[in-house]
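J.: If you want the building blocks of each chain, they are given just below.
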Amino acid sequence: MDMNEIKEIFFQECEEQLAELESGLLKMNDGDRDPETVNAVFRAVHSIKGGAGAFGLDDLVAFAHVFETTLDCVRSNKLEPGPEVMKVMLKSADVLADLTNAARDGGSVDSSRSSGLVKELEALAHGELPAASSAPAPAAPVAKAPAASDDGFQPVPFSFDGFGEEEEAVAPSTFEVSFKPRRELYSKGNEAALLLRDLSRVGEMSINCIMDGLPSLDDLDPEEAYFAWKIQIKPEKGEEAIRTVFEFAEWDCDLEIKMIEAEAKPNAEELPMIPVPFDLSALDDGPEMVAAETVNAAVDAAETATRVSKLAAAAKAEKKESPAAAAAAAAAAAAAQANNAAGQTIRVDLDRVDRLINLVGELVINQAMLSQSVIENDATGTSAVNMGLEELQQLTREIQDSVMAIRAQPVKPVFQRMSRIVREVADMVGKSIRLVTEGENTEVDKTVIDKLAEPLTHMIRNAVDHGIESPEKRAAAGKEPEGTIKLTAKHRSGRIVIELVDDGAGINRERVKQKAIDNELIAADANLTDEEIDNLIFAPGFSTADKISDISGRGVGMDVVKRSIQALGGRISITSRPGLGSTFTMSLPLTLAVLDGMVVTVAGQTLVVPLTAIVETLQPEAQNIHSFGANQRLISIRNSFCPLVDVGRILNFRGTQANPVEGVALLVESEGGGQRALMVDAIQGQRQVVIKSLEANYTHVPGIAAATILGDGRVALILDVDAVVAASRGQSLKQEMSLAVAG
Amino acid sequence: MSYAVRSLAEGNRELIAFRIGEQEFCVNIMSVREIRGWTPATPLPHSPGYVLGVINLRGAVLPIIDLSKRLGMKPVEPNVIIVAQVHSKIIGLLVEAVSDILTVTEENIQSTPEISSDLERQYARGILAIDKRMICLIELGALFTDAESEAA
Numbered sequence: 009m010d011m012n013e014i015k016e017i018f019f020q021e022c023e024e025q026l027a028e029l030e031s032g033l034l035k036m037n038d039g040d041r042d043p044e045t046v047n048a049v050f051r052a053v054h055s056i057k058g059g060a061g062a063f064g065l066d067d068l069v070a071f072a073h074v075f076e077t078t079l080d081c082v083r084s085n086k087l088e089p090g091p092e093v094m095k096v097m098l099k100s101a102d103v104l105a106d107l108t109n110a111a112r113d114g115g116s117v118d119s120s121r122s123s124g125l126v127k128e129l130e131a132l133a134h135g136e137l138p139a140a141s142s143a144p145a146p147a148a149p150v151a152k153a154p155a156a157s158d159d160g161f162q163p164v165p166f167s168f169d170g171f172g173e174e175e176e177a178v179a180p181s182t183f184e185v186s187f188k189p190r191r192e193l194y195s196k197g198n199e200a201a202l203l204l205r206d207l208s209r210v211g212e213m214s215i216n217c218i219m220d221g222l223p224s225l226d227d228l229d230p231e232e233a234y235f236a237w238k239i240q241i242k243p244e245k246g247e248e249a250i251r252t253v254f255e256f257a258e259w260d261c262d263l264e265i266k267m268i269e270a271e272a273k274p275n276a277e278e279l280p281m282i283p284v285p286f287d288l289s290a291l292d293d294g295p296e297m298v299a300a301e302t303v304n305a306a307v308d309a310a311e312t313a314t315r316v317s318k319l320a321a322a323a324k325a326e327k328k329e330s331p332a333a334a335a336a337a338a339a340a341a342a343a344a345q346a347n348n349a350a351g352q353t354i355r356v357d358l359d360r361v362d363r364l365i366n367l368v369g370e371l372v373i374n375q376a377m378l379s380q381s382v383i384e385n386d387a388t389g390t391s392a393v394n395m396g397l398e399e400l401q402q403l404t405r406e407i408q409d410s411v412m413a414i415r416a417q418p419v420k421p422v423f424q425r426m427s428r429i430v431r432e433v434a435d436m437v438g439k440s441i442r443l444v445t446e447g448e449n450t451e452v453d454k455t456v457i458d459k460l461a462e463p464l465t466h467m468i469r470n471a472v473d474h475g476i477e478s479p480e481k482r483a484a485a486g487k488e489p490e491g492t493i494k495l496t497a498k499h500r501s502g503r504i505v506i507e508l509v510d511d512g513a514g515i516n517r518e519r520v521k522q523k524a525i526d527n528e529l530i531a532a533d534a535n536l537t538d539e540e541i542d543n544l545i546f547a548p549g550f551s552t553a554d555k556i557s558d559i560s561g562r563g564v565g566m567d568v569v570k571r572s573i574q575a576l577g578g579r580i581s582i583t584s585r586p587g588l589g590s591t592f593t594m595s596l597p598l599t600l601a602v603l604d605g606m607v608v609t610v611a612g613q614t615l616v617v618p619l620t621a622i623v624e625t626l627q628p629e630a631q632n633i634h635s636f637g638a639n640q641r642l643i644s645i646r647n648s649f650c651p652l653v654d655v656g657r658i659l660n661f662r663g664t665q666a667n668p669v670e671g672v673a674l675l676v677e678s679e680g681g682g683q684r685a686l687m688v689d690a691i692q693g694q695r696q697v698v699i700k701s702l703e704a705n706y707t708h709v710p711g712i713a714a715a716t717i718l719g720d721g722r723v724a725l726i727l728d729v730d731a732v733v734a735a736s737r738g739q740s741l742k743q744e745m746s747l748a749v750a751g
Numbered sequence: 302m303s304y305a306v307r308s309l310a311e312g313n314r315e316l317i318a319f320r321i322g323e324q325e326f327c328v329n330i331m332s333v334r335e336i337r338g339w340t341p342a343t344p345l346p347h348s349p350g351y352v353l354g355v356i357n358l359r360g361a362v363l364p365i366i367d368l369s370k371r372l373g374m375k376p377v378e379p380n381v382i383i384v385a386q387v388h389s390k391i392i393g394l395l396v397e398a399v400s401d402i403l404t405v406t407e408e409n410i411q412s413t414p415e416i417s418s419d420l421e422r423q424y425a426r427g428i429l430a431i432d433k434r435m436i437c438l439i440e441l442g443a444l445f446t447d448a449e450s451e452a453a
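If you read the protein sequences in the order shown, they are chains A and B. In our numbering, each number is its position in the first sequence, counted from 1, plus 8. In our numbering, each number is its position in the second sequence, counted from 1, plus 301.
Keep in mind the hints are simulated off the structure, nothing from the lab. Computed from a predicted structure; not experimentally measured. Idealized CB from N, CA, C, for every residue including glycine. There's no promise every hint is true.
[To be verified] Here are the simulated distance ranges between beta carbons:
no.	chain 1	residue 1	chain 2	residue 2	range
1	B	Q386	A	D359	16 to 24 Å
2	B	M374	A	Q665	29 to 37 Å
3	A	D604	B	Q386	28 to 36 Å
4	A	R662	B	H388	32 to 40 Å
5	A	F550	B	M374	40 to 48 Å
6	A	S440	B	Q386	49 to 57 Å
7	B	R337	A	N449	44 to 52 Å
8	B	S400	A	L400	44 to 52 Å
9	B	P349	A	V669	29 to 37 Å
10	A	G637	B	P414	53 to 61 Å
11	B	R422	A	N449	53 to 61 Å
12	A	M11	B	R422	52 to 60 Å
[As the list claims (entries may be wrong)] Computed footprint of chain B on chain A, listed as stretches where at least three residues anywhere in the stretch have a Cβ under 8 Å from a Cβ of chain B:
no.	segment
13	365-374
14	717-731
Isolated chain B (complex conformation) (with noise of 0.2 Å):
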């Protein structure tokens, strides 16, 4: 059972929105520790392209992920990151920009369409209308699997 099916029967749950080229996407308030400006990455040899390289968060050292490249999209501006806690690692994502707080219930998640794709199968978690937006909801959990999560 992953987080998100439990906090769905919670009902009410706060999420954040963010934009990357022309889509919306959100993820749950609860693992994004905190929304910071683009600081140059320093490059990591024989990692992949999604991987944008390391900056230093209070002296930690922070893998940044640009998800614009993780989600097979276009690349973006670098603009913000978003630090979430994914599993137990803290990773920055590089998004274009964050748009929203949204607070919703049940009843505003649509489940994910049938879609062929098995990438936006796998992190897809439901989809949102709000104000004629379409806003997809990604669970980071199964973006980056624990594997990958050593890895990205």
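In isolation and in its complexed conformation, chain A is listed as follows (with noise of 0.2 Å):
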């Protein structure tokens, strides 16, 4: 493992930390008190902040540094959580983030607001610390430390006026560091020679080691840890080095920092202590005094630095049975939980998974090639290699689903960052508005899930800057001056339905209409319905705000949304009431990989039809079937009817129409609601489909959602039911294929 390969993981793991710490200060946010949730968004500071000291990642200690304090004010009930304070709470877990990113990538971070963000979480310490604000002359105002070291997740006195003002450097205080590591200490690969060794450049420091639990020879057990040591230093950067030597340490020793005044203990060196002199430079030069693999063990250990300081919390809890560590044994539990829950999950790299899933995926094609041809040779269908056929074939399909499970993930991480969006953008505009999440572990194939992000994220910055009203209108309608989105996800036939619900003021009508009449997309007495208008905002080319702000309006509109929808198989569309808000409803198919379809002939050509639009198939006789108007047909089912759909006229693929009677009518349903009677030829049969991308070499093809490859070899067409029942509701096609054989 080189030196990338770890920061690679330890990012990894940041990015679980920040989901950890987001989702709980989230609840937080929404009232939760429980102690666990506060200890849950504490140690995930806590983790990213030791990992990044372990890889000089100092922006991102420092920040995450001053965040843990303040936070720990709040576990230790110094400070209420109300809701001023956890909005400073979220917005310093978008900092984090972002700082995380800018250590990874190299990005900045703009600086401004950190450091705004970092003086407010001050304020916030210190406010309710009047014992940190208003403690005397030392110029490092040290909350008091903690009598019980040990606790794993003590609060971490930090001086405040240090902070960013590096110059102001802080007047050296002595300190008394007792240093006892324990045997865990040992066992984890850490040595505490070398400890002592970073210790002794902090700062100016004398040594001495206490050898009083030594016991005889004979009584030794070589695995238990015995020497103590004590040890008086002048940091010149303040307590804070030093924990930082004991970072991961101390967990596995009990240490006790104390600043001595110093006209209490003018003279360090009279100690009462039996002196032992340790010579530190014996460890520069003497190899025989530490073993090379100790030191090889100390690489180890700052290697998993991250993962080891979980355990370290987790054992020691479990061993210490001193009242002090009540609370740490519930937060350590948790962490062991955690460790748990971990071990059951594996890293892999997704371009493996989806090499295996494009393996199955050939797998399925062969199959079904195979199947054919010993059907063909084989008409009885009873001989062995058929019957071993059929077992292979569902075999296959559960190889499938296996695999396609592996990459179905939850909404969760892409909710979570809405809820960041929601914040920044009411913030910009001045509003008040809460987001309130529903369904967020519907899971859905992880390509669907990283594809969401941007269209939601354009949706939400659009409910926020121009569906919901600022709080003075809001009032004056007699609303809640605070406003609310709900995101909900839910698996709905198949797919996953996600709504994007405002109670904003609603589409405002007349205004759109005007500026579609004014940007030409429609003309000036055009008679639309409401439901036509609403839709307008998809139109290419329309932006409702009258003045182009800095969150929407940038030139993209809701035509990109919808477009990156329907790029993933997918439909949205609008339902508003004036004043009461709008609603945006998107629904996207599970996987972007496999398909149960009906495979059917039209005019002569093989497509399929998604099995899950299909409600039912029948055979339409002659006096079911009733002309309506000029070249409409209905067709009556069970004294209701529903319009006759040509596929093969819709396509293309034939120049008059069909006579029903001598085809099938697939009786489907389409995302925007209404019943149609599909017309084909045949039907050949079910079949799970691999679905494969037209746009990868070609372009989107209006009325066909996607191809596959059929068990004879060949390519098949996937038809894009609600395109067509679109079509047939005389919105034809040829909007879209007048862009499709441009040039």
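With the hints as a guide, bring both chains together as one complex.
T.: This is how it looks when you write it as structure tokens:
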């Protein structure tokens, strides 16, 4: 493992910690006062800080530290996490995420923002910590050192004044450090001597070894820890520097750091101690003292520092029986739990999963080809080969399902990102908005999740910027000043449906229509239904914002959102009630890789109709077909009439309408609601097909969702039922077509 | 600067020559992925006339372009498909026959004569005289512009 790989792991862990942090903070924001939630939040920040320290990511450490300090005030009930406090906390989580990203990708972070937050965080910690703010002269108003420093999550005292103003160096105070390693420290590959050597670099120090506990040689357990050290040190950078040295060891030793008033103990050397000279220089050149393995072990320990630190907390709390550890025990139990959970998952490179999925896709095609040729040569279908093939088919299907399940992920991370966007945009436009999410654990394929973030971000921005009114307007309209945006995800008939509901003003239809007329999207005298007007916002080149704001209206509009949703094989629609708000509904396929379809013949071509769209199939009879208007036909099904749509005609496969009686009707339900009977010539059968993109080498074809490869090795097209239904409604495929054939 | 201009500067270059009707054309061998026999294509609805449809190329869906129609010539017998990379996409070009692999230098390539047709000027990058045959060098990237390779 080289350093970069380790760093990569650290950043991956950071991402998890940040997600944990955010979800914890959001819970707290909703009034959750469970100490475990606070602990989880604290742990997340602490882990990031620890790891960042190991990689020398100073900005990250510095910020995480201040954040941690303030969080600790909350944890120890010194600071009430009210709405104002939580606002700062959430912002800090955002900045922490930015800093982490910057550390990974080498970008820069708006330093004014982070330093502003540092001040706010400090103010919070100060405000509720009179001891800290009213602390007398010593330049570093250190929060009082905790008595039981072995608490895994003790507050880390910190000099606020020194932060961000490194120039103003703290006058070196003298500290007395008592350090007693426990056996775990050594068993985890740490080495007391190395820690002491590091400590010697922090400042001028004198060191005494306490060997009281050393038994006679016969009783000596080679793996036990017997020595303790008392150190007098004048750190140049305050107590924090000492803490940093013991960063990864503090759970495995009894560590006490006390500040000694200069006048109280003027002479460190005169302490009543048995002075055992401890020559640190031996470490630097004496290999006989530190076995090579120990050094290696120490390096290993640093490599797995973040993990070890978690383990350490857990392991320690289990051993510890002192009452002071009660709180730590709870926290550590959760840490252990988290560890257990982590033990059940593995990290796999996405490329490997994708490769597996592609291979399984090929396997499915191959298996279908094999079946087909066997069936051609074995008409009875009873041979052993045939039976074996059926089992193979079953197995391939199961493999495919299992492989797809690997890629299925909850939408939670995307939803969490949205809460940040709501906060930021709401702040920018001076609105107060609450984001409520539901169904974050709904699972969907990772590609869908990845591609969902962008359109969703755009829609959320729009909702905050245009959807929700300003607090004054809301108050005038008799609404709560705080707007609510609700984001929900759920599974519905083999698809995932995501809804974005705001309780804002709704679509201003007059203005939308005027804008559409101004932009020559519709004729001035066009007579549109409310629904049609609402859907105008998806038209290319449409932006309702009167002024181009920084947030939305950057020239890309809802048409881009619609296109990216469509590219995912999804649909988007809007319903709006003036004064009450708007609802955007998106429906997306659960996976972009496979689909259950009905294989049909249309005008000599083989097409696949997604099974999820089909309600029923029927054989039309002549007396049920009724002409309607000039060239419309309806079919009566159990006394209701449903328009007949000739698929071959819509797709331009044939010039004239086919005779319905000679074909089969597929009753389909489209996303926009309403049933249609799709006329096809014949049904070949049902099959699971592997979705192949047409866009990869060609372009979007109106009326066609994608392609697949059939058992005979030929390409078959997968019908886009919703587009065909829309086309039959008169919204012809032409508009999209003109794009497709341009040039 | 197109790749043609760049590779022109390099001197020696290899070209694949093919026949459509009476005429011979050639393209840079670097853009050709493989040459394969004709297999029936699945037609696409609402596609331009020169798009014959799509075929399965080892699991990928490949559009087939009838090059004779694209160049505004009479349609030919479907025979050979040249699989080529144009921009970021892989497409199959239907031609009558692949005739030659040519190694030529700069001097072999004469500039395209002044002609009035925009279509020819759009794709022709020069003319080669080899064994008294006239072979027109085509730049596929220009024939299928980015916007068009979206559509074609």
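J.: Mind listing which of the numbered hints don't hold for this structure, in increasing order?
T.: none
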